[in-house]
Amino acid sequence: MIHVLAELTIAPGARDAFVEHFRALEPLVRAEVGCLEYRGALECTIGIPIQESPRADVLLVIEQWSGEAELAAHLDAPHMHEFGERTSGMMIGRTIRIAQDISGPFAPQ
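Add 4 to a position in the sequence shown, counting from 1, and you land on the number used in our numbering.
Honestly, I wouldn't trust all of these hints.
As the list claims (entries may be wrong) - Estimated spans, in silico, between C-beta atoms of each pair:
#1 52 with 76: 28 to 38 Å
#2 85 with 55: 31 to 41 Å
#3 93 with 5: 27 to 37 Å
#4 104 with 11: 16 to 26 Å
Simulated from the structure, these hints should not be mistaken for laboratory data.
Don't be surprised by glycine CBs; every beta carbon is placed ideally from N, CA and C.
Build the full structure now, drawing on both the sequences and the hints.
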């Protein structure tokens with residue numbers, strides 16, 4: 005299983021529109037072959053002392069894929085290209101982290 009943790013930094017004033025586009029995208033991605041989880045989340049405060057201050061301009065995307073081929077196909081899916089076109093200029097940065105479970109085999113470094 006492959007985990008993807010993405011931090012999408014949204015342009016000032018574009019958060020609500022970007023989130024609406026992302027909400028429309030979620031069920032399309034979840035229907036893809038090999039998608040085990042795909043969910044957007046906004047940071048919030050719950051009051052635990054170790055928490056960092058929430059960033060209002062960041063959408064976190066939590067993903068799980070059955071394999072590398074399925075993740076690669078997702079990145080080239082038509083709805084992903086359409087999402088990129090619809091949100092062009094709304095996202096000003098992104099960080100993508102790929103991880104595997106520590107209980108499974110590790111990919112070469």
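Checked hints:
Our hint of 28 to 38 Å for residue 52 and residue 76 holds, since their Cβ atoms are close to 37 Å apart. Remark: the range hint 31 to 41 Å for residue 85 to residue 55 is upheld by a beta-carbon distance near 36 Å. For the pair residue 93 and residue 5, the beta carbons lie near 34 Å from each other, so the given range of 27 to 37 Å is met. In this structure the supplied range 16 to 26 Å holds for residue 104 paired with residue 11, their Cβ-Cβ distance being about 19 Å.
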